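*Asks:* First to last, the sequence lines map onto chains A and B.
Each residue of the first sequence is one higher than the one before, counting from 1 in the working numbering.
Each residue of the second sequence is one higher than the one before, counting from 1 in the working numbering.
Where hints are given, some of them may not hold.
As the list claims (entries may be wrong) - Cut-off 27 Å, straight-line C-alpha distance, at most; resulting in silico cross-link-like pairs (DSS-like, lysine-lysine):
1. A:Lys198 / B:Lys173
2. B:Lys46 / A:Lys108
3. B:Lys173 / A:Lys108
If you are wondering where the hints come from, they were derived from the structure by calculation, not from laboratory data.
None of the values given here were measured: they were computed from a predicted structure.
Okay, here's what each chain looks like letter by letter:
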Amino acid sequence: MGQDKIAVSKYQRAGKLVNTGAKVGANYMKHYAKKLTGSKATKQDLEEENAKDDYSAFSELKGGPLKVAQMLSMGDQVLPKAYVDQFALAQNQVTPLSLPLVRKTFRKYFEKDPLQLFDEFSTEAVNAASIGQVHKGRKGKQEFAIKIQYPGVADSLQSDLRLIAPIATRFLGLKKKEVAPYFEEVERKLMEETDYRKELQNANEIISGCGNLEGIHFPEFDPQLSTDRIITMTWLKGLSLNDWLATDPSQEDRNRIGQLLWDFYQHQFHLLRVIHADPHPGNFIITPENELGVIDFGCIKHIPSDFYASYEKLMRSGQEQDSPELIDALFALELLHDGDSEKDQATIMGVFGSMFQLVGQPFYSETFDFSNDSFFEKIYSTGMALSKDSSYRNLSARGSRHFIYFNRTYFGLYQLLHQLKANIHTGQWTFIAA
Amino acid sequence: MAKKKKAFDKLQWIAAYKSFVLEKGELPATVRELAEMAGQTFPDFKKQFTDLRQLETAVIALYFKEANDLLMADEKFEEYSNKEKQLAFLYVMIEKAGADEVFLQEFQRLKKTDRGFAVRLMRFLNRQELSWAELSWGASTAERVGVNPKQAALIQHALSTLMFFLKDYSEEKQDTDAYIEKTTDVLYRLTDTSTVRSMVDLGKFLFSRRKTTFSWE
Ligand SMILES: Nc1ncnc2c1ncn2[C@@H]1O[C@H](COP(=O)(O)OP(=O)(O)O)[C@@H](O)[C@H]1O
Ligand SMILES: [Mg+2]
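Excised from the complex, chain B in its bound form (with noise of 0.2 Å):
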């Protein structure tokens, strides 16, 4: 006589949908199927969350949680400028998601196609963590799906820079801390407000003479 076990609460589903992935090597296409190997059933899992992309995006979302609880623990961080604190969330948000990256690679390489994934990561943490970013580019986006563009724009960092620590071959991934560096470099100048400006101001220009200046006719 099998034993049911105790109702799994979100952590322990993260848990077991990255045990489902490293071990089938592909991702649970129906919940039943996923609770089944975990031993829980479709009503344990609709307790936690609505559906399976809600657990994945969680999956991924856990990492930024847990590197966010980090540093707000960490009694140096409210001293970092913007750009350190950046800086330091994606280096402690690597190192989190370093642990796991077999299961990464697995979950990219099955995940490669869904474009939509960005926005609900980013909808998953509105609201919730972040709320010291402040690096804001390309706010459209971020507002057309309803997120915060300052945290959009930080996660979207923070993406890129996993993206990019997947596929660092480099001795000890000392590439992606280059990365990191130089991408929040590059980023904060170019958000700089007066380059930003006068890019602009130079853009319009351009584009007010576009019609005199650089036609033939």
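Extracted from the complex, chain A is given alone in its bound form (with noise of 0.2 Å):
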């Protein structure tokens, strides 16, 4: 079985399209990359048999490895396919809340059950999250989302993740001095997220920021009802956005929709600089009126204001290749080292070259049409490409740290807008701070 094998399905496709785009930013993957490309049927037999062997390590642990699998799955070359399989399954494993637990955890807390401050309470959990799980409240005429967390699971999540960082890094081969910060970044960031009390602050920063977008509609939170591990928020009415999708909106809904995402996000990221770091289907809710409800705001990323003006330098001038200030911006992001041999600065500069005038399509040009597979394709195809180059793979790990989530949230933003298959407005962003 050949690891170079095209994806037949598009959406699969879509799938790597999150880790290829990675690539052009921070060069940290590469090495998970290089591990992918000894394709001999026997070593993805042996990768089976060590996911297989890790999951029944992991499934005897409590969520913190859901939300790393969470992480890993942004796709399959970033830990090979059989390991992120693992990690799949590790997902269904865990046994929803019961209702005793759920009680008590309220009156921990509160001091009261649910049904003395709600005139209704869902007995049963009526979506799943992924260290946690959401009920349905209602009081008078306004129903809540209750999201509660499993025990135990902000504790075991950091044995956890010590855990996995030396398996992943040892299984694929990587220098543990040149991945610490990367790992250090989704460390940090995940303990975050088991920390509700932190994402109800998230959510204020995003909203206070965001307010006033039109067609834009967030949850509101209910501080009272909230502690670090339950969030009481009002219920979003409409459908998560892959229910919407499969109802067959038209054209010019699907457009709105996608525009809504496209500004929504270049807002966040050029004037609030920090964004909502998840965009996932089942974080969005097109409400009946076909307008964008936002949900979860577990994983934001703040934008460093260095960072921000590297990027932006390096969006005025990425298309000049060779140009003081596209090398200027490419050592402050960490994509050049000082050590680097000219060969290594002329491979990279390669790279970053066909890459950007590939991902940065959509901001060079009025509008884009995301429903373009042969883009889409196309950036897959470079990325296949690039993994087996050899100089290439021999580089080391590199890319500023802030690459990751920042990579994962315009990924994740254009595998949205590819699904909503949105003809958009690209372009009046791009220079916005300019």
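Could you fit the two chains together into a complex? Lean on the hints.
*Replies:* Here is the structure:
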């Protein structure tokens, strides 16, 4: 079973985009890809075996690995496919919180039973969350979503991560010192996600900066009924993005939602300098009026001003190969290192040039049609070719750690827009801050 | 002239036992030793308990009884499934016992080697409470010592939870909650009769073939 077999389904290909794109910015994934190209059948078998072993260890752990799995499931080039499959399995294995525990947790934090606080409260979870579950409540006419975290998640996550990092490092043959900053970034973000109070703060930060954007809706949070393990917010009526797409909405409506998404993200990045970093179809709800509801502020990413400034520079000069401004930006973003040989530098410049031309397309045209399959196929095949290029593969891990969540966000967004087959205005944001 | 205190009831003896253990860091060796500290007499003790063993069983049984009483007073309890009843019981029992954690730490340390304790507790609680218990496994032990296997199973589960709780150093003892959720889930899955029936079926089958199938001769 060869690794280079081209995936057949479009969505599978779209999935690959996530990490292919990530290569443009942060080559930290290069090493994973390196392992992928030695496509001997025995190797795949070995990976499957390893993943199974690891899975049985992981499955005994609590919610932690779920989040890690989500993070790593960004694509099967990040971790070999077998590995990711096993992580995905782990996701379905957690037992839901029982009603007695939900009631106990309420009594503990609020000294009241859910039914003393709500007129109605669903006895079972209506939605699974990655490290908890969501119940539906009603007070008078207002409906609420109540997200409750599994017990012991925060405590065990750290030790789970400590377990995963060395396995991943060894299994994938990474250099521990080179990849440490990236693991740290992921670890810090994941730990943040276990603190629901932080999520409330995050939500406030984004919502207060986006509250007056037209066509975008957020839940209202109830701090009185929220703790580090419970979040109470108003229920957003509508369908999740995937369910909405299944109703076969018109091109006009899909464009509208796509435009709202695009503008929402550009507004956050350029004006707020903090972004909702989990653009996943489950985190958007399309309201009955065909407007965009945004939920789940567990993961947001602050864009440091020096990163922003360098990125800005990159966008301005990226199309002029070898311009001093571009070189500057590449150094600042740690894509070029002082110790790089001339050959390494040439490799980076080459890779950067071709990927930038490609992935940056939406930014350099007035409108962009994300239904364009050939655009996504091109990115995918360029990424595949790159992962086989030996001079590229031999580079050390690189790229600012901020690229991890930045790329995850952008490529999540691209993927959503591709799913929407949206044709939208993209160009006007590019140089907003210039 | 020391005026003699009124004779203790059961609850007062239980409280006296706990103070003794907390204060001395050891179990009372004789009834007289305990009675003396409590300002009571040997005959006072005998009016309530036959011996120290019975008292110490009652100390732990009280957590079970209190939890049970609370659940019986909760109008939601009847609506619960059997599994939810079991979960609710464990949560309330741990809440009750948790208030006495320091005592229980000492008690567990001193009582570790007493193998008969669980059986005495089962006998003590038998017929009194927990009549709603539904889950059962390993009926043979329970039957041998003459207790209802369903209640015995619940008591064993609750004792294991208590042990876990006493060694749980996680934040806010969240791991104990996870322990309760996960073990209850597993126990209910394991005792799903269809699973058990197929396991027994397989077991019998393999046993009948043990000579021919698993032998190299
Ligand atoms: N305010 C809300 N209104 C409607 N549905 C919600 C709301 N909050 C959560 N949900 C549902 O619950 C699911 C999980 O919630 P989410 O906050 O995304 O959890 P997680 O952080 O684990 O991804 C969502 O995908 C959505 O279906
Ligand atoms: Mg979500």
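*Asks:* Evaluate each hint against the coordinates.
*Replies:* Verification of the hints:
no. : hint                : in the structure
1   : A:Lys198 / B:Lys173 : holds, 21 Å
2   : B:Lys46 / A:Lys108  : violated, 40 Å
3   : B:Lys173 / A:Lys108 : holds, 12 Å
Going down the numbered hints, you'll see the structure goes against just number 2.
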